[in-house]
Amino acid sequence: MNQEIIPHLFRTEFRKIATVLCRHFGIDHIETAEDIASDTFLTAIDVWSYKGIPDNPTAWLYTVAKHKATNYRARIKSFQDKVLPSVDIEQSYQPDIDLSADNIQDSQLQMLFAICHPSIPAESQIGLALRILCGFGIDEIANAFLSNKETINKRLFRAKEKLRLEQVRIELPSEPAIGERLETVLTTLYLLFNEGYYSESKDAVLREDLCDEAMRLTQLLTENKRTNLPAVNALLALMCFHSSRFPARKNAQGELILYQDQDETQWDYTLISKGAYYLQQAAQGHTLSKYHLEASIAYWHTIKADTTEKWEAILQLYNKLLQISYSPIAALNRTYALSKANSNEEAIREAEKLQLTNSPYYFTLLGELYKGIDPEKARANFEQALPLAKTQADKHLIAQNLLKINGNCL
Amino acid sequence: MDEYVLVMRHEDGKNLVSPEQMQIWMKQTMDWIGGIAAQNKFVSGTGLPFEDARVVHPNNIVTNGPFGDIKETIGGFITVRAESVDEAVEFAKGCPVLQGEGNSVEVRRVASR
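Chains as they are written, first to last, in our numbering: chain A, 23 to 432; chain V, 3 to 115.
One or more hints might be untrue.
Stated by the list, open to error - Residues from chain V shown here face chain A by an in silico Cβ test under 10 Å; the list is partial:
no., residue
1, His12
2, Lys29
3, Met32
4, Asp33
5, Gly37
6, Ala39
7, Ala40
8, Asn42
9, Phe44
10, Ser46
11, Leu50
12, Gly104
Keep in mind that the hints were calculated from the coordinates and are not lab data. Built from N, CA and C at the ideal position, the CB exists for glycine as well.
Bound conformation, chain A alone (with noise of 0.2 Å):
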């Protein structure tokens, strides 16, 4: 039997027929979903190592996953119909399980807004959704995260027993609440891409993977006209941006390539206008999200050419950003476009304002303003970065830098 077949067809099966069952069952049978989809893998592997590997294994598939939830569906109306005789006759009615293409992207939608509940935490619903919509085992979940099995395993358990609580509903949300579970949704999609972009994981294609599945779904957003809207094609336009920039960040050794080292050849052009046609799209209508502003800024990071009108528009950009989203990363890449679009001198004392010593980014960046203007303050603030990092790359960045300031001293 063909090695590759069953971990392809899981990856991309696994995920519709968890689903589509769920969707079909309810919430209240998230687990049985996930075990009939698992069971129809077990099935296909036993199967297909004696008798081969069917003409149309996906079909095969289907057949078996709609069989056992038949099967499952008998076993809980004949508990129902002995133990709750009383049910009503709509119960009892249950159409077809419907593995259509239709009916996959409409239920893998529906549960990403289930999945997306703000009744359980954002890394609850990251972890959910990779493994309901994305099919990703626990261990894969484990090692993105930097956890374990155990401490996943305990957080899925919990978050479904929450959505069960809650009787959290497997549809699309009514027109008044959609725009504001829409934001939970893309905060969650916003943080697994992040999540695969940023992560500290050996594994640089399960980093890929997650950015790939975090694109997917947004897609998926994108291609239902009540939740295509202005703030989810800017969240894929910076999705797409960043990613362009992804085979030219890692070196051969996997270490982080600073953007200013880049080799823009190796940049991705086709993911680059992809970005820029639904930052166009992002454009219609009043609305400006924090999504807007950011996959504003990564647009013009896609044009390497250092310009007083490049760092200028980022400057404003972040200054926007900051003011309807603040974080201390957005606050530290501000003060870095001042310096560009203004002075280095601005820029310091603007710095110095922020006061955020327990970022070791603070001090880099402090650093970097001070080196051509007094090395020893540079080399002090590199100094105070370095027992700050906690990265090997960061602490390597930091390393290099206090290297190149005590050559240049000698």
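Once you have looked at the hints, place chain V on chain A.
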């Protein structure tokens, strides 16, 4: 932490400035606000354009714009978070409006809810 409103007052709103000068002020104002926001101290704010400005007087008398007899006009305001009025004053000192002779920034604490 309290909230303070910084009210920007112009000596004479009728003074016409060149579009280039206007653009420089706009950038300085945006950089000033961005600097406050970068310290996570920005709450909200807005500019107040002179078009469509009206002043309502006693006996329902309405005049165009806050001009005429009044020489001083309000150009905009922002609300900031600050530990003390002194910190709010430090923010106000950076306001580009103060480059104009006779202009001022009034710092007022927002009455707590």
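Okay, the hints, checked on the actual structure:
1. Interface hint status for His12/V: violated, as the beta-carbon distance to the closest one in chain A is roughly 22 Å, over 10 Å.
2. With a least beta-carbon distance of about 8 Å to chain A, the hint placing Lys29/V at the interface is held under the 10 Å criterion.
3. Annotation: Met32/V was flagged as interfacial toward chain A, and the flag holds, the nearest CB pair being 5 Å apart, inside 10 Å.
4. Nearest Cβ of chain A to the Cβ of Asp33/V: about 7 Å, under the 10 Å cut. The hint holds.
5. The restraint placing Gly37/V at the interface with chain A holds, with a minimum CB-CB distance near 5 Å, inside the 10 Å limit.
6. Checking Ala39/V against chain A: minimum C-beta separation of about 4 Å stays under 10 Å; hint holds.
7. Taken as an interface hint, Ala40/V checks out: its beta carbon lies about 4 Å from the nearest beta carbon of chain A, inside 10 Å.
8. Look at Asn42/V: its Cβ gets to within about 5 Å of chain A, closer than 10 Å, so that hint holds up.
9. With a cut of 10 Å, the hint placing Phe44/V at the interface with chain A holds, because the nearest CB-to-CB distance is about 6 Å.
10. Interface restraint check: Ser46/V against chain A, minimum CB-CB distance 8 Å, threshold 10 Å, status holds.
11. The beta carbon of Leu50/V is not positioned within 10 Å of any beta carbon in chain A (closest approach about 17 Å), and the interface hint is therefore violated.
12. Taking 10 Å as the C-beta cut-off, the interface hint given for Gly104/V is violated, the closest approach to chain A being about 26 Å.
Taken one by one, the earlier hints fail for this structure at numbers 1, 11, 12, listed in ascending order.
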